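Sequences and hints are given; from them, build the entire structure.
2 protein chains.
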Amino acid sequence: MADLANGAGRTVRNEPASGADRAVPNEPASGAGRAVPNEPASGADRAARSEPASGAGRTVRKDVARNRARLLDAADKLVADSGLDLSLNELAKRAGVGVGTVYRHFADKEAVLSALFEHRLDAIADVFRQAQDFDDPIEGLRHVLFTLGEMQAGDRALFQVMASTKSPEQRAMARDRLQPLARELVERAKATGRLRPEFAPTDIPLLLWVSMSVNDYSGGVRPDLWRRYIELALDGFAAQDQPRQRLTVTPLTPQEMEDAIAGWNRP
Amino acid sequence: MADLANGAGRTVRNEPASGADRAVPNEPASGAGRAVPNEPASGADRAARSEPASGAGRTVRKDVARNRARLLDAADKLVADSGLDLSLNELAKRAGVGVGTVYRHFADKEAVLSALFEHRLDAIADVFRQAQDFDDPIEGLRHVLFTLGEMQAGDRALFQVMASTKSPEQRAMARDRLQPLARELVERAKATGRLRPEFAPTDIPLLLWVSMSVNDYSGGVRPDLWRRYIELALDGFAAQDQPRQRLTVTPLTPQEMEDAIAGWNRP
DNA sequence: GATGAAGCGGATAGTTGATATCCACTTCAG
DNA sequence: CTGAAGTGGATATCAACTATCCGCTTCATC
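Sequence order for the protein chains is S and D. According to my numbering, the residues represented by the first sequence are 1 to 267, in order. According to my numbering, the residues represented by the second sequence are 1 to 267, in order.
Just so you know, the hints here were simulated from the structure itself, not pulled from any lab data. Remember, it's a predicted structure, so these values are computed and weren't measured experimentally. Careful, some of the hints might be misleading.
[What the hints assert, rightly or not] Below, a list of computed lysine to any residue pairs in the SDA-like style, where the Cα atoms sit at most 25 Å apart:
no., chain 1, residue 1, chain 2, residue 2
1, D, K190, S, K190
2, D, K190, S, Q245
3, S, K190, D, R246
4, S, K190, D, R244
5, S, K190, D, G220
6, D, K166, S, P254
7, S, K166, D, G220
8, S, K166, D, R244
[Stated by the list, open to error] Part of the chain D face toward chain S, derived, beta carbon under 7 Å:
no., residue
9, R61
10, F146
11, A163
12, S164
13, P197
14, W209
15, Y217
16, G219
17, V221
18, V249
Glycine is no exception: its CB is placed at the ideal position from the N, C-alpha and C atoms.
Given below as structure tokens:
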């Protein structure tokens with residue numbers, strides 16, 4: 001998985017000096033405007049923190065950057081293999097920092113998820129863009145489904161983080177970026193005549209959801225079983241005259257079935 | 001949905017008089033063997049309460065029977081539309097009884113779920129048995145998938161209650177009853193030559209799981225979208241020469257897609 | 001129709017697992 | 001060296017749940 005926090009400095013905390021800049025760690029006791037470093041404004045671009053802050057950037061302390069990186073990294077991993085129910089305590093522990101530090105960087109859980117949002121969105125959009133490079137748009141479609149399915153198998157949050165963001169702005173953003181890509185891909189694919197005309201762009205997210213669900217069911221026993229059902233769905237979506245594709249994954253054996261169910265209970 | 005608690009007296013509390021019969025509501029304070037009415041033994045057949053207790057049955061008070069019925073009924077409904085995370089407080093409220101009464105009838109949450117287990121198992125096995133009456137086993141298979149899918153759309157717990165029971169005995173019981181039925185159905189269906197040979201009995205529960213998942217995704221917006229993907233899978237599983245079935249459900253519109261996602265957040 | 005064992009309701013104690021705060025201490029940039 | 005900024009983690013707080021206890025009610029029985 002791509003490394004969220006390191007690399008380009010874009011994730012480094014680095015705000016424009018303008019306005020009510022905060023980061024007041026510990027004024028003695030009382031005080032009116034506590035002015036925590038978190039977002040006080042309920043405003044729009046919570047996660048939009050990342051811009052390089054063109055002007056007047058105060059120098060960023062090394063440890064601050066490092067901690068933020070660690071936090072994002074840990075959040076990324078945590079969410080990837082346990083879904084969206086991360087606890088900020090757990091996050092702190094995994095990141096090797098104190099809880100206080102978490103709250104210095106993020107107002108609350110939602111803010112953490114917001115920060116992960118763009119990362120996922122970029123990754124998904126990328127896959128769609130790669131699909132455009134295939135000469136055969138059907139291959140492009142397969143690329144999207146299998147690549148995103150694969151990604152999702154290692155990252156339960158890939159879609160959840162997008163589906164469950166509370167900010168309508170972010171949802172709109174996801175829609176605006178992904179919808180045209182999906183539509184264009186599906187149109188080209190249908191133009192080949194090798195796809196049933198009923199296939200629709202919205203079938204793509206649904207199929208990916210199916211991948212995820214199958215993985216939830218049996219991922220512990222057979223991490224690639226999702227492929228079977230995607231291949232199947234693709235055969236179902238193929239035009240009448242198209243030959244069946246080979247199913248690359250065998251069904252669960254009864255024994256595996258039992259193991260999968262038995263494993264369901266503990267998270 | 002079938003009424004779980006009323007009808008035949010099989011759900012009435014009614015234990016053999018033998019052994020350490022309990023039901024001690026309130027001995028003054030201390031006392032060694034508190035002997036609550038719940039299961040003290042960690043043993044096997046927790047839910048097997050229901051036998052008519054052939055001999056020496058003490059007469060059952062009307063209110064006891066009524067309350068137990070109410071509880072089972074409420075539990076059934078609660079679990080059907082919110083999944084397995086029922087709280088026993090909530091259960092009591094919905095059943096119109098006090099929490100104390102819940103604990104008089106069931107040792108804990110697990111015991112409640114156990115009591116619901118057989119009910120679901122019976123229902124599922126029934127559908128498989130109905131499938132045997134179809135002359136065309138493929139129709140039988142469709143019957144199973146669509147009928148159980150339908151049931152599941154109105155009962156989130158239909159499979160969960162089976163999948164998540166902590167008692168291995170119950171799991172074994174489910175397996176022993178359902179597996180042969182599924183295998184026989186699939187064998188007959190494949191014998192027609194109209195099904196891909198790759199189709200396996202374990203594909204059935206997986207497809208039902210897919211139904212459930214699709215329903216989780218979009219059930220609020222389109223309670224029957226799951227059919228689309230089952231139809232699709234069936235087309236994928238049809239032998240090469242079989243004609244495509246008509247898809248009876250249109251895909252989500254982009255607008256519905258958004259609504260579905262937006263609706264995801266609150267439970 | 002009187003009686004007491006059995007059952008009931010629901011306040012409440014206890015538990016868990018999370019969020020969020022505070023402040024003594026550490027670290028870094030200048 | 002210094003102090004502003006940042007940090008860790010004990011702790012307060014909260015919400016939701018499980019489970020208990022006991023005064024009161026109901027029912028089967030006589």
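Each hint, compared with the structure:
A hinted pair counts as satisfied when its Cα atoms are at most 25 Å apart, and D/K190 with S/K190 does not qualify at roughly 31 Å. Distance restraint check for D/K190 and S/Q245: the Cα-Cα separation of roughly 18 Å lies within the 25 Å cut-off, and the hinted pair is therefore satisfied. For the proposed pair S/K190 and D/R246, the alpha carbon gap of about 17 Å is at most 25 Å, so the pair holds. Annotation: proposed proximity of S/K190 to D/R244 holds, straight-line Cα distance about 17 Å (limit 25 Å).
For a cut-off of 25 Å, the pair hint linking S/K190 to D/G220 is broken: about 29 Å separates their Cα positions. About 19 Å separates the Cα atoms of D/K166 and S/P254, which keeps this hinted pair within 25 Å; it holds. Distance restraint check for S/K166 and D/G220: the Cα-Cα separation of roughly 18 Å lies within the 25 Å cut-off, and the hinted pair is therefore satisfied. Using a Cα cut-off of 25 Å, the hinted pair S/K166 and D/R244 is violated, with the two alpha carbons roughly 40 Å apart.
Checking D/R61 against chain S by beta carbon gives a least distance of about 36 Å; that is not within 7 Å, so the hint is violated. Hint status for D/F146: violated, given a least beta-carbon distance of 15 Å to chain S, over 7 Å. Below 7 Å, beta-carbon pairs count as interface contacts, and D/A163 has one with chain S at about 5 Å; its hint therefore holds. A distance limit of 7 Å between C-beta atoms decides the matter here; for D/S164 the minimum to chain S is near 6 Å, and the interface restraint holds.
Proximity of D/P197 to chain S is violated relative to the hint, the smallest CB-CB distance being about 10 Å (cut-off 7 Å). A distance limit of 7 Å between C-beta atoms decides the matter here; for D/W209 the minimum to chain S is near 5 Å, and the interface restraint holds. Interface hint status for D/Y217: upheld, as the beta-carbon distance to the closest one in chain S is roughly 5 Å, under 7 Å. Taken as an interface hint, D/G219 does not check out: its beta carbon lies about 12 Å from the nearest beta carbon of chain S, beyond 7 Å.
Given hint, D/V221 at the interface with chain S, is violated; its Cβ is 11 Å from that chain's nearest Cβ, farther than 7 Å. Here the hint on D/V249 is broken, as its CB sits about 10 Å from the closest CB of chain S, past 7 Å.
This entry does not satisfy hints 1, 5, 8, 9, 10, 13, 16, 17, 18, going by the numbered hints stated previously.
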